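Protein chains: 2
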Amino acid sequence: MGKDKDKNSVVLKVPKGTKDWDGKDMVIRDKIFSTITQVFKRHGAVTIDTPVFELKDVLTGKYGEDSKLIYDLKDQGGEICSLRYDLTVPFARWLAMNSSIQNIKRYHIAKVYRRDQPAMTKGRMREFYQCDFDIAGTYDAMLPDAEILRITCEIFEALGWKGRYTIKLNHRKILDGIFQVCGVPEDKLRTISSAVDKLDKSPWEEVRREMTEDKGLDGEVADRIGEYAVLKGGRDLLEKLQNNATLSANESAKQGLADLDLLFTYLKSFSVLDRVSFDLSLARGLDYYTGLIYEVITEGSAPQTKEGQDLQRAGKKEAKPNKGPTNIDGDEDRSNDPSVGVGSVAAGGRYDNLVSDFSKKQQIPCVGISFGVERIFSITKQRLAADKTAAPIRTNEVDVYVMAFGGKGFEGLLAERMDVAKRLWDAGIKAEFSWKVKPKLPQQFKAAEVNGVPFAVILGDDELAAGKCKIKEMGLAGDHPEKDGVLVEMKDLVEEVRARLAKKEEVEMLADGVNGMGVEEGAREAAKTG
Amino acid sequence: MGKDKDKNSVVLKVPKGTKDWDGKDMVIRDKIFSTITQVFKRHGAVTIDTPVFELKDVLTGKYGEDSKLIYDLKDQGGEICSLRYDLTVPFARWLAMNSSIQNIKRYHIAKVYRRDQPAMTKGRMREFYQCDFDIAGTYDAMLPDAEILRITCEIFEALGWKGRYTIKLNHRKILDGIFQVCGVPEDKLRTISSAVDKLDKSPWEEVRREMTEDKGLDGEVADRIGEYAVLKGGRDLLEKLQNNATLSANESAKQGLADLDLLFTYLKSFSVLDRVSFDLSLARGLDYYTGLIYEVITEGSAPQTKEGQDLQRAGKKEAKPNKGPTNIDGDEDRSNDPSVGVGSVAAGGRYDNLVSDFSKKQQIPCVGISFGVERIFSITKQRLAADKTAAPIRTNEVDVYVMAFGGKGFEGLLAERMDVAKRLWDAGIKAEFSWKVKPKLPQQFKAAEVNGVPFAVILGDDELAAGKCKIKEMGLAGDHPEKDGVLVEMKDLVEEVRARLAKKEEVEMLADGVNGMGVEEGAREAAKTG
Chain C
150 MGKDKDKNSV VLKVPKGTKD WDGKDMVIRD KIFSTITQVF KRHGAVTIDT
200 PVFELKDVLT GKYGEDSKLI YDLKDQGGEI CSLRYDLTVP FARWLAMNSS
250 IQNIKRYHIA KVYRRDQPAM TKGRMREFYQ CDFDIAGTYD AMLPDAEILR
300 ITCEIFEALG WKGRYTIKLN HRKILDGIFQ VCGVPEDKLR TISSAVDKLD
350 KSPWEEVRRE MTEDKGLDGE VADRIGEYAV LKGGRDLLEK LQNNATLSAN
400 ESAKQGLADL DLLFTYLKSF SVLDRVSFDL SLARGLDYYT GLIYEVITEG
450 SAPQTKEGQD LQRAGKKEAK PNKGPTNIDG DEDRSNDPSV GVGSVAAGGR
500 YDNLVSDFSK KQQIPCVGIS FGVERIFSIT KQRLAADKTA APIRTNEVDV
550 YVMAFGGKGF EGLLAERMDV AKRLWDAGIK AEFSWKVKPK LPQQFKAAEV
600 NGVPFAVILG DDELAAGKCK IKEMGLAGDH PEKDGVLVEM KDLVEEVRAR
650 LAKKEEVEML ADGVNGMGVE EGAREAAKTG
Chain L
150 MGKDKDKNSV VLKVPKGTKD WDGKDMVIRD KIFSTITQVF KRHGAVTIDT
200 PVFELKDVLT GKYGEDSKLI YDLKDQGGEI CSLRYDLTVP FARWLAMNSS
250 IQNIKRYHIA KVYRRDQPAM TKGRMREFYQ CDFDIAGTYD AMLPDAEILR
300 ITCEIFEALG WKGRYTIKLN HRKILDGIFQ VCGVPEDKLR TISSAVDKLD
350 KSPWEEVRRE MTEDKGLDGE VADRIGEYAV LKGGRDLLEK LQNNATLSAN
400 ESAKQGLADL DLLFTYLKSF SVLDRVSFDL SLARGLDYYT GLIYEVITEG
450 SAPQTKEGQD LQRAGKKEAK PNKGPTNIDG DEDRSNDPSV GVGSVAAGGR
500 YDNLVSDFSK KQQIPCVGIS FGVERIFSIT KQRLAADKTA APIRTNEVDV
550 YVMAFGGKGF EGLLAERMDV AKRLWDAGIK AEFSWKVKPK LPQQFKAAEV
600 NGVPFAVILG DDELAAGKCK IKEMGLAGDH PEKDGVLVEM KDLVEEVRAR
650 LAKKEEVEML ADGVNGMGVE EGAREAAKTG
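Line order of the protein sequences matches chains C and L.
The numbering used here runs 149 ahead of the 1-based position in the first sequence.
The numbering used here runs 149 ahead of the 1-based position in the second sequence.
Calculated from the structure, these hints are not laboratory results.
From a predicted model like this one, the values you see are computed outputs, not experimental measurements.
Possibly wrong hints are sitting among the right ones.
Which copy? The list can't say, so a pair holds if one copy fits it or any two copies do.
DSS-like cross-link-like pairs, simulated, lysine-lysine; straight-line CA separation at most 25 Å [what the hints assert, rightly or not]:
id, residue 1, residue 2
1, K168, K223
2, K571, K621
3, K190, K619
4, K619, K640
5, K223, K162
6, K579, K617
7, K652, K190
8, K190, K260
9, K617, K417
All chains should be built: construct the whole structure from the sequences, respecting the hints.
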């Protein structure tokens, strides 16, 4: 991320809020992608890919006040386009355009773009990945919703986060019912909902002030909302609300409570009921949700320090981005701002009308979730850094380094090294050799060691003359009988290498355990077996 | 790609020159990606990821007259950015910014953007994928170059294109030498090189006309170039040029010929010498190449019909895009234009100065290749369509459909189906069940059949009461003994399913053969085993 100015005065940097991914970060991120994809496929998902930019009209009116964060393309004399802001609206646009599709489980892993104020080390960026999974189609109530939450749990378990995440959930119809029985006017339902949504970042007094002072709500109405909004629980809370005569008499609340009742039954069947928290303060910002809503939080989701909380309480820092373009594009990075947490690591809900908003002919209810990869990465990386027992992560996957040595008059055995590498590649084995005509042996060993290559195949004039070569497992201790390598017949080389790779893999599988493999173990395993 | 106008008058389409990817196309494209990635990793490559847009200054002056095809972002009050035009310049920018990196084999698979005139079915698009592999670092001559060509062959063999592709290669220093001995003035070297590059699309008379009339070259000089430019061959042509006293006396040509001599030796060691054609008409458009250049052609690379060739010869159609923004953004798609071929499916070369152009402190020679995924896809899809024996491609990978049936009073066994699905998921088995409380048996069978799911687990009241359920392999013929399924103990279900999946996979592996698996076979195999 360094800046560098050359004499031709091109500033060497990436655009604000974006970054290059390389080295071990890339390996960790790829492992997160593959873990998530594996779970999506286990549930029968297929993937689609949409363009990175859409006609601007497609995005218009979908994101409320956040629309100002959309990146536009320059008008170069054609269609007016914008970079996509999320993957949900393009999915709905695609469904609306493809009337032959009446149901689908689709996942989509791709970058989205928001001109927000970045906090890079906390995974808040302007270009970032989302991993979306959505179920479109008309089904019996809460069954797809329950499977989405089951998938969410499978993913965080597979990432090794067992016991370190919570799915907060709520229901738009319950929220609306509460607002109605508390006395919120119909035209203020959504704006009051937005205010409630800030309860994870701001204290009640601040939210109450926004409701009454900024949004003109009666103080008594706000206080009645406050009594509900603090409630959290599970089935117990659901039963309490079901037994609340006022609320049960409200049609919207009644529908929402019935949905949750069913959902809890299904989550129990899926053995994930203990992972959810029914939380009446959860409201979610986007307008298009129509039913169940949820977000996943973990350690680091909230602002980190008491100082940060105090600052927020005093209203000195806002979680919302600055308004002016000058501020937005200044050099500020909010990574060190204690009032900025990582936020939720996944979120979503049911949106039954978004597709029909595009095309009245397509009435397809949908429910989905979006995983924030950079935030998951950011937390995973911190944990890896804190884990002193974690093995180093390899960045490449080479199995064999082909090297040569010889005494006086050594010509480098280049043709022989190339031939051996070719035989290994033909057999699908990952192999490298030095791109020097006459490489020195220590340099070859160093190249293999730096990359953690597990095996060396060593060629020498005498051995070749006898039709043999040496296989050496790297890093064996001084007293190991095979420390200096094992002579094998040249004609058996591929089989000999294969057998050693298979054995090494087996040993490591047993050592790591096959089940419940988290990213830490996964990256280590990938590092070792290639 | 249909257009649809709703009453709220949002035009439902994707931007010109872009497309949505879904269904079987997505499966084929993913298979191409994984085939290419596998080969890159076999050669020790690591991947990096750069932002989809760069500061505009980074791209300025890198693409010659094609710069007008760059997409710019709108100035929204911050940095001035453009969408990346290729992956090579961002790679060089990244190397220049990271001075600790002195060598790397990196691959990068990502979308790039060009405001060109599209021909969608031929894989010429405005948003398209490139798969790049580059080797940066100071090594002995031609060794990294030879490995790039070996990798290229491994990829096309793995894609099942054996015998259907040719790597055309040439060397900028040989070209420059030829131009010099023919009498081209120094300041016209690059522009004459660009003219020669058109020989794959235009006849010699047209190229000669451009050289003499448009670019003011002496006719006799052009004719001397013409004598060289028609030459094609292998070692024979190399020896002929080496024996040409005039050319051998030219320092630039001499260096280039020595490089090719070494390269041919290395390609022979790698068993790929027969895949290349030394072709003096190959020049490549981009300015930044400094040594070896190459491109891969296949059937469909050239314009398809004689009519197309005639049109080109008459100068009525140009392979270059139209100039005006109105034309560029018109509705025209050139897919049906016979003068447009798919073009090369991969191309690249050595560029030793691009990194140091960004930062004088980083002197890193590079060589690389870029695979055009949409073009490879387009040819692969045509071949699949023509192959009547190809098995249908599955879009999802579900192994087991969990279903239930019952007579009068059947309640759907929902909790039981959910429990079985959960057990399968816990074991890592891909499974689905109907999201209906009381699904009908034919509907469940149909859902499994539509997606080609290989196994059904069937639950019934009587079987469950006896602690059993049925596993049925889908699609067994009427006289097969297990056509109606096999009863297994409920407690052994996971093991029983696993054993059947493993057996099925083994049978199919043997049937397909393990080696030389092309995309056709690969997709089929993926389709069957999941």
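Structure-based check of each hint:
1. Taking CA atoms no more than 25 Å apart as the test, K168 paired with K223 passes in both settings, with 22 Å inside one copy and 20 Å between copies.
2. For the homomeric pair K571 and K621, the shortest alpha-carbon distance inside one copy (19 Å) is at most 25 Å, but the shortest distance between copies (45 Å) is not.
3. Taking the shortest alpha-carbon separations for K190 and K619, only the inter-copy value of 24 Å comes in at or below 25 Å, while the best intra-copy value is 42 Å.
4. For the homomeric pair K619 and K640, the shortest alpha-carbon distance inside one copy (12 Å) is at most 25 Å, but the shortest distance between copies (49 Å) is not.
5. Proximity of K223 to K162 under the C-alpha cut-off of 25 Å is found in both arrangements, the shortest distances being 21 Å within a copy and 19 Å between copies.
6. Proximity of K579 to K617 under the C-alpha cut-off of 25 Å is restricted to the intra-copy arrangement: shortest distance 21 Å within a copy versus 46 Å between copies.
7. Proximity of K652 and K190 under a CA criterion of 25 Å is satisfied inter-copy only: 21 Å between copies versus 29 Å inside one chain copy.
8. For the identical chains of this complex, K190 and K260 are neighbours both inside a copy (20 Å) and across copies (24 Å), given an alpha-carbon limit of 25 Å.
9. Taking CA atoms no more than 25 Å apart as the test, K617 paired with K417 passes between copies only; the shortest distance there is 23 Å, against 62 Å inside one copy.
Violation of the numbered hints given earlier is absent; every hint is satisfied by the structure.
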